[in-house]
Structures are given as structure tokens and as C-alpha cells.
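For the record, the sequence lines run as chains A and B. First residue of the first sequence? That's 2 in this note's numbering, and the numbers climb one at a time after it. First residue of the second sequence? That's 2 in this note's numbering, and the numbers climb one at a time after it.
One or more of the hints may lead you astray.
[Claimed, not checked] Listed next, the stretches of chain B that the computed footprint assigns to chain A, with coverage defined by at least 3 CB atoms under 8 Å from CB atoms of chain A:
no.	segment
1	23-29
2	361-373
[Unchecked claim] Over 10 Å on every C-beta distance to chain B, these chain A residues come out as not near it, computed from the model:
no.	residue
3	GLU56
4	HIS219
5	LEU380
Just so you know, the hints here were simulated from the structure itself, not pulled from any lab data. Quick caveat: nothing in here was measured; it's all calculated off a predicted structure. Where is the CB? At the ideal position from N, CA and C, for every residue including glycine.
Listed below are the residues making up each chain.
Protein chains: 2
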Amino acid sequence: MPTVIASSLRDKRLPTPCLLLDETRLLANCARVSAHVRRQGLCLRPHLKTVKNAELARHCMASPHGPATVSTLAEADYFFRHGITDLCYAVGMVPQKLDRVLALRRQGADLSVVLDAAESVHLLDAALASLRTNDDSPLPVLLEIDCDGHRSGLAPEGSELPAAAEQLRRSTGLCLRGVLTHAGGAYDAPHTDRCATLAQQEGHAVVLAARRLREAGHACPVVSAGSTPTVLLGRYPAGVTEVRAGVYPFMDLTMAGLGVCTLDDIALSVLTTVLGRRRSDGSLVVDAGWTALSADRGLTRQWPFQGYGLVCREDGTLLPGLRVSETNQEHGIISCGPVAPAQAMPGPAACPDLPVGTRLRILPNHACATAACHAGYVLLRDGRPADFLTRCRGW
Amino acid sequence: MPTVIASSLRDKRLPTPCLLLDETRLLANCARVSAHVRRQGLCLRPHLKTVKNAELARHCMASPHGPATVSTLAEADYFFRHGITDLCYAVGMVPQKLDRVLALRRQGADLSVVLDAAESVHLLDAALASLRTNDDSPLPVLLEIDCDGHRSGLAPEGSELPAAAEQLRRSTGLCLRGVLTHAGGAYDAPHTDRCATLAQQEGHAVVLAARRLREAGHACPVVSAGSTPTVLLGRYPAGVTEVRAGVYPFMDLTMAGLGVCTLDDIALSVLTTVLGRRRSDGSLVVDAGWTALSADRGLTRQWPFQGYGLVCREDGTLLPGLRVSETNQEHGIISCGPVAPAQAMPGPAACPDLPVGTRLRILPNHACATAACHAGYVLLRDGRPADFLTRCRGW
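Start from the sequences, fold in the hints, and give me the full structure.
Rendered as C-alpha cells:
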């Protein structure tokens, strides 16, 4: 824990900028998603790239051992050391990273990897030939399926998919565990109906891929899909076995804009202090710049008025119409303008004249990016600082 | 040092993504700025918010003890522990942070702070009344001057400036050391001529402020201005005593776009690995997302074709026409398009078909933001990994 935060937890006077996490909202968000997924008879494999902390992970997972998803091998290491054994590393695997994956598996992690081409299967298999021993069980692979042209993945209906599965069948070091997709396009969806459609599209793509693999004689036990908007706003077709979602424990302005949550559900915020005013237009200058908020603009096409984040009083009450309109490295500029659609009330005509030293909270555009700026979270219990939770960082 | 990087330095096989720093380019950039500032008879007070490492700071400073500028009190702590005593904390001071400033000064740091309103002087003075002892010398203050309406600062010609100085004269805990300004607007300047004009404007604002203070009987020994573009592209009028600049040791695509440097001067890059291809358009998928590159878009209005960074081979040779067009948390998408103006050669019509596992380097839009994503730098000496230098983080 940073020394400055440790001493401030004792005297209840937090330094700024710092990252706040409201425990009540966090638990409510986790409970909502768990119940929603359970009602559909699905297994939840939360994506721990958002929380990056073992205590917070426990609120998301079905058991202390997982299942869970990670985005870096540093996360896999960290969460395995904290007892989480059922892990999927959901970023395309390359031979250079195999030594770390094997080291974790030899210690007892059931760590699976993701591939999306016969070429990659071939490369990994060749690399494993010199790395693995007779004691190593085959490395489980999920074939990534492209459901929306957004990023990686095999077309569910094309000839590349059975070719990659065939390559896996011939491999001694690898085995097919299932198929996986991610509707990254859901974040560009302008409204909730579109997210619901995308969940169907996501589910159908991965179910079709699984059916084709099974028809070709492959076991395909895992059929994995998901993102926070599609999980919460959609319903998956039969055949999907598990869903992945990451940002839901914290929520953010992007999720509020998509209709996944309200502003009152956002558990994460950045505490900041007013340093002064800009004379040219009366804007407030605060000590949260892009190092504290991230430079993530959120979905600017849909919600340009969120800037780098919306503004609350220190107690979390929204100040409608205010937003962080600019960021420098350690400065944020708070100005006043048209309200974002997620805000219910109209804003003031000018920035309120808050004195130097006033504390404010900034709601994040993208909780994953804002949290990534910080060493950890000050956990607020009943509104008061109760603990500091560190984040796993790096790769 | 992260364990993964430590072992990779031994076997010369770096993990990806990781941050590379070319020592030859770094030293050349530092030498260029030092010579340029010395020729003008000015003192250089480098802004260490970019390098955030004590060894790198030594390449920037006139002596091992400074002078230097910092953007957080964590930097002030860190650099003071590394022997740098002459420090200016160039973000507006608030009473809540006084205890840390006093602690450093009592250990021997000549740490000055920045204020921009009589109200702030009054607040700080009141807070100091209960914090300082008779052994504490007055805390030196630089009054911030607004030269371009960009952020904070007092108008050099207005009545607020002498009022703040008067408030300082009456204070027992504070004393006036000088005036300081920063032409933040230089980063919006579309070309080099405009940066030269801004350097004049920046210099005239702060020289005028100093003259008015001296005419009112205040000593004003320090007259501080600067930013990398204005320092390198402009000349300051007589009366400016010191200049501050931050990004010049590394340079970046924003500086190249402004005409401050060429692409061959950029010392910082992110090493990444090709994970696969996007079927829909042939783009490359790499393992450097916004966690490794930052979400900083640079000056998108002027140079939209830089995306999240330009692309080089592993050896640093530019691949013209390629750019990181999209970033997710751990994925970057490299696509092909019109070349950025800083690139001399035309690009290819389609993304080259690079095999999975190929290593590339990404040149950053904004070196400060990209470096802030990483725990430290892999220093390249004669192109080979030679050392790992950690960065000071947090506040």
C-alpha cells in the first residue's frame, strides 16, 4: 500500500487524486449479474482484467477457485497465487509465452489458452515439442470465433474452423476444449435493443461453431460468449455454456450510456481537489489529469458531453451539467455544458464557484482504463474509507 | 524490476508488450536541448514528469542536485531520495498537501510551490500557521502567469497579480520566489512558426509580470517559462531566467508532427508481438492495447492518420503507412491507410502478411502517457537490451 494512503486511512483524510470503490454498489452489481446469469442456467466466468484484485475477484466468482478469465499472464500468476485455479487466458497465444503458461500448469493451474488459426496451432505445437515433458497434460485450447468482425476469430461458418480443429486433433501438446467469442462491437451499439440483438448474434455464432465441430467428431464441451452489455441486456440461445463479463462490478459512464446501468450503480470514482479556476472561462482546475482518469474518451460519438468524466460532490451526489472537459498530465479542467443523456436533471449556466481545496469525485468513462491508472482502490464501506486493495499490474 | 523482464534481460528475449528506450537517441535529444538552452544564456529546469527515473534525470539536469521540475509529490519524494534537492512542484498547491512539502523541506529539499490566486496564498498561509515551526524557513512560491488562456494562472497585466504578491509580502510562512508560465497552447499549434510566436508570447507574459512585481518593490529572482516545442522552436525575450521542458528526452509523434523532431529522434517505443489477423479487413492483431500504448490519440485534428501510434520493424525501421488504428485493453489493431505527414515514404496498399509471432515496435503519440503505462524502461544500448530502469509512480 502506498505510504501516503496508509497514513490517510488512519486519519480518514485521503490524498488526491485517489481511486474510490463503493463497496455497497460493487456488491449489488456483482449480485445482479450472478443472479441474472444463474437464472439463464449459465456458468459465469468473470473477466478479472477489470478488478485485478483477488478480494474483489471473490465477489465475482462462483467459487474461490474460479472459473475466471484473465487478460495477461501477470494476472494468471497473481490470481493463481491467490487460489484461483480455473483460468482462461483470453488473449491470442503465441509460442514466446508458452514457458510461463506451462510453469503455471505444472504448479496446478487449469489454465487454457485461445487461438484463432491453424497456423497458430501449428506454431504452438512445434514450440511445445521442445518445451513439454511426458508429465505435461495437453494444453487446453479454445478456438476464438468472430461474431461481429470486430477483432480476432475464425468465421463460424468458414473452412478455417474445421482446419484449425483438425490441426488440434493431430497435435500431441494441445487439445480442443471449446469455442469462445466476444461481441466487442457491443460497445459501439447506440442503444439497448442493439445490445440484445448482439447477444443473440454472439450466441448463435459460437453455438454454430460448436455444432460444426461436434459434427466433425470433436468434443467441444465449452461454448463461451459474453461482454457486460450483451450479458445484461440480452439472452443467449441454448447451447452457450458459459458467459464472460468484466466491467460489471464497477460499471461506468459507457455502461450507463448503453443503458446497462444507471449513474447510481457506478461503484468507481476518482477523488480530486479543486486547485483554482481558469480565468478565461471560469472553469475549475482540479488535480486529476489523464494520469488519474485515463485519456479514455468513452463513446464520444454517442455521448460527447461526458468529456473525461462526470462530476460529483465529495459525497457522491451528481453535479449535473459539469464534466471534465480537458485533461493534462496532472490537471483536469471541469466545465459546464449540455448535459449527457444519462443525467436526469438540467445543468447550471456556469461552473459553480467552488473554493480552492473543495473535494469532488469524477465518474469514469471506462472503469477498466481509469482503474489501470492506480496502484489500488480505497474501499468505501458505508461511505467511509475502510481498506486499501492493491491491483495486479504489468504483463 | 518485474521478474519476467529480469530473466529476459539475461537471455535477451524480451517479453511483450514492453517499453524500449534507445539510449543513443535519448542522449542526443538531451544534448541538443542542453546546448540550445545554454546558447541562449538560460538555465534549464527539466520537467521530470516524463522520465520519472533518477538515472534518466541525470542526463537532463545541469548538476546531480538539479534544478528540476516535478508534477507530483511522489516524484518530489523519489527524486529527493536520489540526491536532487532543487525542485519546483509545478502543480497548484493546496493546504492538504502542505505536510508532505514541509517534511521534504525539513530534510533539506529546496522545494518551491506554485500558486495563482490571492485566495490560495491566504489559505496556505492560514494552514501554515498551525503546521510550521520557528525552524522552518518561509516556503518559496512561484506565482503562475497565464500566457495563453490554456489552463491556470494570473493575467500578467491584471490587478490580481499585485494583490497576490501583496498577500505573500504580508505572509510569515510564504515568500515570493518568482513567476512561472507554461504555453500549454503550443501543443495545439499546427506548425513550427506558431510555436516560435508562442515562445515570444510566453516570454513576454512572464517578463511583464516580473517587471510589474519589481516595480511594486518585490524581489522576483526567478522568471520561468517553457515547454519542449516553445523551447526548441522559439527564442525567449531577455528577462526570462530559466526554461522548463519535459518530453524532449524521449520525443514522440506529437513533437514530430509539430516539427520539433524527426521520427528518427524518437527514443521511446513499445515492443509488441503479432497475435494474428482480423479476417474482415486483413488488419494485424498485436498484443499492445491501451494498457501498453495509452489511449492518448495525440493531436488527432492535425494528424488523424497516426492512430494510437506508428509501426516499425523490431529493429526500429519504420513501416510506412501502418498505424495502430484501434486499441482494446490488451489488443491493438494495425491497419494500413494514408501516411501521416511526418512519414516521408508512401505506404503499401494493404497490411503486409506478417506471421504470428513477428515482433514490431510502436512509436508513441505522447511519450509521457505511453511511459506512464509501464513499470519501467528496457534500456537499449547499441540496439541491445542493457538495463531496466524503474519509474516512480503514483502521487
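Verification of the hints:
Coverage of the segment 23-29 of chain B by chain A is violated. Counting CB-CB distances below 8 Å, 0 residues qualify, and the rule asks for three or more. Interface restraint, the segment 361-373 of chain B with chain A: holds (3 residues with C-beta to C-beta distance below 8 Å; minimum three). Look at A:GLU56: its CB is around 20 Å from the nearest CB on chain B, clear of 10 Å, so calling it non-interface holds up. With a least CB separation of 21 Å from chain B, A:HIS219 remains clear of the 10 Å interface cut-off, as annotated.
Against the 10 Å criterion, A:LEU380 stays outside the reach of chain B, whose nearest CB is about 17 Å from its own CB.
Of the numbered hints stated above, the single one contradicted by the structure is hint 1.
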